[in-house]
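Listed below are the residues making up each chain.
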Amino acid sequence: MTNLTFEKALADLEQIVAKLEKGGISLNESLALFEKGVKMARFLRGELDKAERKVEILLKDDKGNLKAEDFDAADADGTGEDGGTG
Amino acid sequence: MRDQVYTVSQVTEIVKTALEVAFPQVWVEGEVSGYKKAASGHVFFSLKDEKSVIKAVMWQSMARKVAFELKDGLNVVCRGKISVYEPRGDYQLYVDQVEPKGKGALQLRFEQLKEKLKAEGLFDEKRKRKLPLRPRTIGVVTSPTGAAIRDILRVLERRYAKLRVVIYPAKVQGEGAAGEIVEGIDALGAWPGIDVLIVGRGGGSIEDLWAFNEEPVARAIARSPVPVISAVGHEIDVTIADFVADVRASTPSAAAEMVIETEEAFAERISSQARRLGELLRYSLQDMRADVTDLAQHRIFQNFQVKLANLGRRVDELETRGKNVLRAERQAIAEHTGAARLASERLGNIARKTLRGHRAAWERLTATLDALSPLAVLKKGYAAVWKSGGLCLARRIEDIVEDETVLVSFFKGEFSARVQSVDKKKLIESRFLKEGS
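These protein sequences, in sequence, are chains A and B. Per this note's numbering, residue 1 is the first one in the first sequence, and the count goes up by one each step. Per this note's numbering, residue 1 is the first one in the second sequence, and the count goes up by one each step.
Careful: at least some of the hints might be erroneous.
As the list claims (entries may be wrong) - Quick list of in silico lysine to aspartate or glutamate cross-link-like pairs, DMTMM-like style, CA-CA up to 25 Å: (1) K171(B) - E69(A); (2) K101(B) - D49(B); (3) K162(B) - E47(A); (4) K67(A) - E183(B); (5) K54(A) - E180(B); (6) K8(A) - E183(B); (7) K39(A) - E279(B); (8) K54(A) - E157(B).
Simulated from the structure, these hints should not be mistaken for lab results.
Using the sequences provided together with the hints, build the complete structure.
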């Protein structure tokens with residue numbers, strides 16, 4: 001979901017930059033474009049910063065439904081593949 | 001003396017025993033022909049070479065363990081015992097193991113499946129999806145205790161990648177592994193928010209990696225709604241999963257790197273756009289400022305500037321004067337206003353006083369008029385005498401003539417009367433005195 005608006009925002013930003021680079025627009029219009037572009041860039045950076053690392057594992061409950069639980073990376077000792085050497 | 005006579009069964013039994021003793025286990029090489037699989041799962045075929053044919057049978061319990069697809073024309077090496085099928089007297093090879101000639105069974109099976117899926121178009125480049133622009137959540141189908149997940153998480157850690165990882169714990173080798181991997185691919189593909197899937201495991205022997213060469217796994221990858229990165233074993237290991245996956249990573253670590261690079265490339269794209277935007281803003285402001293300065297320094301504008309300065313001074317002067325005028329006027333208005341107010345107040349007082357006087361006089365007057373009104377008099381019980389049919393009020397005795405008809409009105413009602421006699425000297429007091437006595 002977020003990806004969509006996110007990708008749209010990036011596409012908008014790139015379009016604005018391209019338009020400004022091409023030039024030939026009025027002062028008012030270009031200032032409005034700058035304003036919009038800066039807003040987009042700020043939104044995008046904010047979205048990137050918002051992300052965090054999270055590791056979950058899907059486990060089946062007694063009814064067989066999948067449920068996500070936090071995964072402790074310490075469990076992954078690399079021996080679970082019986083002969084897998086990574 | 002005749003030689004001993006045997007029954008058919010006896011001979012068959014002797015031959016059977018002899019063959020079984022002679023060939024308890026034998027390896028026979030030949031080309032498969034007349035391959036037939038019965039409903040029971042038992043498999044019947046012949047092995048042949050240029051000159052000879054030998055019948056072969058493989059029971060269902062053995063046949064289902066054959067890794068590759070047995071079919072006519074295939075050169076194979078079979079292991080088994082030789083015995084006799086008594087009802088027909090056929091001797092045949094009872095196969096318990098079969099391998100393709102010249103290569104391993106698994107290799108042949110691999111090639112057979114690869115051929116089949118390729119023919120279906122599952123490996124076509126145009127089927128391959130690109131990794132998402134910005135993968136935020138990656139699903140990983142692998143063993144939760146294996147090397148693959150450990151390596152993936154280690155890479156994310158090292159690169160400070162801010163990603164969400166959802167693991168589907170699956171057995172990645174041995175009995176049932178392919179089924180669990182398929183379940184994992186389907187479950188994560190349907191899990192909300194997953195942007196890309198990594199399916200794989202750490203290195204191992206060809207048998208260890210085999211689950212990733214299974215047809216159901218290949219088909220699960222093909223139908224996944226999100227792009228799949230295959231990451232099986234080491235660089236040199238190539239599995240069917242690698243051919244079907246949208247992207248092949250040589251190792252699980254490499255798969256993690258790919259995802260992070262996509263994320264980083266995305267962040268870089270944002271930064272470069274933002275940087276460019278800043279530069280453009282700076283440049284364009286500089287340009288505009290330079291334009292303005294250039295224009296301002298032009299000769300025309302220099303002459304103009306002098307004029308402008310003069311004009312400016314005049315405007316200042318005018319403004320000052322204007323202000324003075326305004327101030328004076330405002331003062332005058334203020335003064336006038338005061339006087340006017342005073343005058344109007346005085347006028348008001350006078351008018352009020354006059355009005356009061358008039359009203360008093362008026363009231364007095366109306367009261368008098370009221371008292372004097374003939375109606376008021378009549379109301380008291382007097383009557384009025386009219387001449388000429390009521391047109392003219394008789395006010396004196398001289399108005400009255402003998403024999404004349406007059407009209408007499410009370411306040412209410414009237415009557416006419418004929419004047420009998422007139423006494424011009426008689427006073428009214430004499431009547432009151434007479435009545436009062």
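Verification of the hints:
For the given pair, K171(B) sits about 19 Å from E69(A) by alpha-carbon distance, which is consistent with the 25 Å threshold. Of the pairs offered as hints, the one joining K101(B) and D49(B) holds, with about 13 Å between alpha carbons and a cut-off of 25 Å not exceeded. As the CA atoms of K162(B) and E47(A) are separated by approximately 11 Å, the hinted pair is consistent with the 25 Å bound. About 14 Å separates the Cα atoms of K67(A) and E183(B), which keeps this hinted pair within 25 Å; it holds.
Of the pairs offered as hints, the one joining K54(A) and E180(B) holds, with about 24 Å between alpha carbons and a cut-off of 25 Å not exceeded. A hinted pair counts as satisfied when its Cα atoms are at most 25 Å apart, and K8(A) with E183(B) does not qualify at roughly 33 Å. For the suggested pair K39(A) and E279(B), the alpha carbons sit about 15 Å apart, so the restraint of at most 25 Å is met. Annotation: proposed proximity of K54(A) to E157(B) holds, straight-line Cα distance about 11 Å (limit 25 Å).
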